[in-house]
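Based on these hints, arrange chain Y on the given structure of chain E.
There are 2 protein chains.
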Amino acid sequence: MKADAQLEKIFEAFKQRTITRVFYVACGGSSALMYPSKYFLDRESSQITSEIFSSNEFIHRNPQSLNENSLVILCSHKGKTPETTEAAKFAKSKGALVVSLMYVEHAPLADESDFIVNYSWISAGNMEPMPEIMNYAILYKLAFGLLYVKEENKKYEKLVTSLNSLSTVFEKVMAQNEDVINAYAEQYKDEKIMYTMASGANYGMAYSFAICILMEMQWMHSHAIHAGEFFHGPFEILDKDVPFILLMGLDETRPLEERALTFLKQYGNKLVVVDAQNFDLTGIDDEVKGYLAPLVNNVVLRMFALALSKARNHPLETRRYMFKVPY
Amino acid sequence: MKADAQLEKIFEAFKQRTITRVFYVACGGSSALMYPSKYFLDRESSQITSEIFSSNEFIHRNPQSLNENSLVILCSHKGKTPETTEAAKFAKSKGALVVSLMYVEHAPLADESDFIVNYSWISAGNMEPMPEIMNYAILYKLAFGLLYVKEENKKYEKLVTSLNSLSTVFEKVMAQNEDVINAYAEQYKDEKIMYTMASGANYGMAYSFAICILMEMQWMHSHAIHAGEFFHGPFEILDKDVPFILLMGLDETRPLEERALTFLKQYGNKLVVVDAQNFDLTGIDDEVKGYLAPLVNNVVLRMFALALSKARNHPLETRRYMFKVPY
Numbered sequence: 001m002k003a004d005a006q007l008e009k010i011f012e013a014f015k016q017r018t019i020t021r022v023f024y025v026a027c028g029g030s031s032a033l034m035y036p037s038k039y040f041l042d043r044e045s046s047q048i049t050s051e052i053f054s055s056n057e058f059i060h061r062n063p064q065s066l067n068e069n070s071l072v073i074l075c076s077h078k079g080k081t082p083e084t085t086e087a088a089k090f091a092k093s094k095g096a097l098v099v100s101l102m103y104v105e106h107a108p109l110a111d112e113s114d115f116i117v118n119y120s121w122i123s124a125g126n127m128e129p130m131p132e133i134m135n136y137a138i139l140y141k142l143a144f145g146l147l148y149v150k151e152e153n154k155k156y157e158k159l160v161t162s163l164n165s166l167s168t169v170f171e172k173v174m175a176q177n178e179d180v181i182n183a184y185a186e187q188y189k190d191e192k193i194m195y196t197m198a199s200g201a202n203y204g205m206a207y208s209f210a211i212c213i214l215m216e217m218q219w220m221h222s223h224a225i226h227a228g229e230f231f232h233g234p235f236e237i238l239d240k241d242v243p244f245i246l247l248m249g250l251d252e253t254r255p256l257e258e259r260a261l262t263f264l265k266q267y268g269n270k271l272v273v274v275d276a277q278n279f280d281l282t283g284i285d286d287e288v289k290g291y292l293a294p295l296v297n298n299v300v301l302r303m304f305a306l307a308l309s310k311a312r313n314h315p316l317e318t319r320r321y322m323f324k325v326p327y
Numbered sequence: 001m002k003a004d005a006q007l008e009k010i011f012e013a014f015k016q017r018t019i020t021r022v023f024y025v026a027c028g029g030s031s032a033l034m035y036p037s038k039y040f041l042d043r044e045s046s047q048i049t050s051e052i053f054s055s056n057e058f059i060h061r062n063p064q065s066l067n068e069n070s071l072v073i074l075c076s077h078k079g080k081t082p083e084t085t086e087a088a089k090f091a092k093s094k095g096a097l098v099v100s101l102m103y104v105e106h107a108p109l110a111d112e113s114d115f116i117v118n119y120s121w122i123s124a125g126n127m128e129p130m131p132e133i134m135n136y137a138i139l140y141k142l143a144f145g146l147l148y149v150k151e152e153n154k155k156y157e158k159l160v161t162s163l164n165s166l167s168t169v170f171e172k173v174m175a176q177n178e179d180v181i182n183a184y185a186e187q188y189k190d191e192k193i194m195y196t197m198a199s200g201a202n203y204g205m206a207y208s209f210a211i212c213i214l215m216e217m218q219w220m221h222s223h224a225i226h227a228g229e230f231f232h233g234p235f236e237i238l239d240k241d242v243p244f245i246l247l248m249g250l251d252e253t254r255p256l257e258e259r260a261l262t263f264l265k266q267y268g269n270k271l272v273v274v275d276a277q278n279f280d281l282t283g284i285d286d287e288v289k290g291y292l293a294p295l296v297n298n299v300v301l302r303m304f305a306l307a308l309s310k311a312r313n314h315p316l317e318t319r320r321y322m323f324k325v326p327y
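Quick mapping for you: the protein sequence lines, in order, are chains E and Y.
Mapping to UniProt numbering: the first sequence position 22 is 22, numbers consecutive.
Mapping to UniProt numbering: the second sequence position 79 is 79, numbers consecutive.
Isolated chain E, as found in the complex:
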């Protein structure tokens, strides 16, 4: 596959230079999908640290630790998000190695990058095209590949075989959850606000669902609450009428999500739980399950997004500002 050939070249580049710091730079949903990769690097490497910045914050903050020993990974679906293109240019001016993911083959972002990875031609079983999921696969490969090249971290091989099992896993998860998701959509279609919550590798999914699906695509109020922070302020908002979507993963922070679940069950009433532990993950290696669980939960979230949009008669494509007015 083309993406794999592109990745091979990038891994060669990893070998050629010192990399002590990774900056994940993107906007909105593209930024959110980088969270599990940072979680992986945090847990697995003592030598390579990482950061996630929204593109414009990255440029204006101008972190002094960005230099020729940095790897900057960017992502923009159509490769023409102006802030992200500008961020790539900025990163190159600092001497960093610049790798960009995009759905299309040619775009302004590509022109400002040392390497690009396209994910446009990969399909996931019998689902409709799910470019976000394919973004993730590439991002995982970049992070795991970096530590494979630099630190002989063997999880890369387990990641690759596990990714190959994903489409089968997704099909089973979809079949298993269709009815319950449709029922949830009917139940919550008239809500004005829905909070999301998660921790660890899953937090990015909670963030993405809040800002991209609920706020952007459904014009519903939302906020992604960190499951640990919940008990230090946000939980006071909870009552029987306030809906929460809780993501439960398989990574080491699961106890935080479990604690939140107990509280939500006791004091709330409107609760959507998406728990990777309930799904058949055959084919995903135990050593990478925690890292990949967000991908599986995300399939359920996407089903929920679609069902919600139908129940609310508000298509996911409807926008009032994005790409329509100057901003």
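Check before you lean on any hint, since a few could be wrong.
Note: identical chains are not told apart, hence a pair may lie in one copy or across any two.
[What the hints assert, rightly or not] Calculated pairs, DMTMM-like style, for lysine to aspartate or glutamate (alpha carbon to alpha carbon, straight line, at most 20 Å):
no.	residue 1	residue 2
1	94	252
2	89	252
3	240	186
4	192	241
5	324	239
6	192	239
7	94	44
8	172	285
9	289	252
10	150	12
11	155	252
No lab work stands behind these hints: they were computed from the structure.
Below, chain Y alone, put in the same frame as chain E:
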């Protein structure tokens, strides 16, 4: 002052060891007040990187870059937040230098720390005790002091003289904003949701106001939106009926906040703008203005919190879960 004597000892400890990484670890409001310090370190140091983690996430994520070359700075008002005490213990077990801020003199957190700094006896002009503001002053001194000791960064001296001018600045800001803040409180007292927004050094203040004031103390829905992320999803929620509190600082990311302001003015109608540029900051050195602006904006936010609680007849001290039920 006692805090300064404590800080002197800590600076001595900084001299004695290699420090390549700072972890800011706390929960809720105590975590939020660490954001400007990270902003400072990001902008000023190429050698010392930093992270902010909620206490429980820090422990369970178990970042491999935490080691004997790490400085871990924790904060808990009463020094008995269980997750934060546990995080201090965890950090010490990894060999890190552990420094904890607290309002009280003796607490479980103190027992797990190498050094503590108390901020209980400092007062800010004629305001009521504002421990949060005093937290900030100590946190700034720690970050600026670290780079002063390690990298001869001269902004420490400018910081110290500027901090000494703060109480006068606060008094003027309070007098200037009293009427407008009371009017805002009257205007927004019946809202069910208020978003906050900021970028750079100010984002922590937006986060804190959203989760600690609005959600925790007023049981109003909220979400702190990053001003750069706003245009990549969240802005679709905006209409004439959705209230936003926009913080505008004086740091390098101000263009992000200005862009958000333009959009909010065009498509929104319910807008509270707290802009440090409108305040008399005499006595604050130009070179540290961007870093200290969040403190000044926070004074206005605290006035707003108090006015809102009175207008809504919902005292800031009212809780239904915190310290009242097991969790």
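Structure-based check of each hint:
For the identical chains of this complex, residue 94 and residue 252 are inter-copy neighbours only, at 18 Å across copies versus 35 Å inside a copy, given an alpha-carbon limit of 20 Å. Taking the shortest alpha-carbon separations for residue 89 and residue 252, only the inter-copy value of 18 Å comes in at or below 20 Å, while the best intra-copy value is 36 Å. For a Cα distance limit of 20 Å, the shortest separation of residue 240 from residue 186 inside one copy, 18 Å, qualifies, whereas the shortest one across copies, 28 Å, does not. Proximity of residue 192 and residue 241 under a CA criterion of 20 Å is satisfied in both settings, with 11 Å inside one chain copy and 13 Å between copies.
Taking CA atoms no more than 20 Å apart as the test, residue 324 paired with residue 239 passes between copies only; the shortest distance there is 15 Å, against 38 Å inside one copy. Within a single copy, residue 192 and residue 239 get their C-alpha atoms as close as 15 Å, and across copies as close as 14 Å, so both meet the 20 Å cut-off. In this assembly of identical chains, the alpha carbons of residue 94 and residue 44 lie at most 20 Å apart only when taken from different copies (15 Å versus 26 Å within one copy). Taking the shortest Cα distances, residue 172 and residue 285 sit within 20 Å of each other inside one copy (17 Å), while across copies they are farther apart (62 Å).
For a Cα distance limit of 20 Å, the shortest separation of residue 289 from residue 252 inside one copy, 11 Å, qualifies, whereas the shortest one across copies, 40 Å, does not. Taking the closest pair of Cα atoms, residue 150 and residue 12 come within 20 Å of each other only inside a single copy of the chain (11 Å); across copies the shortest separation is 36 Å, beyond that limit. In this assembly of identical chains, residue 155 and residue 252 lie within 20 Å of each other by CA distance solely inside one copy; the values are 16 Å within and 40 Å between copies.
Every hint, counting from the list given before, is met by this structure.
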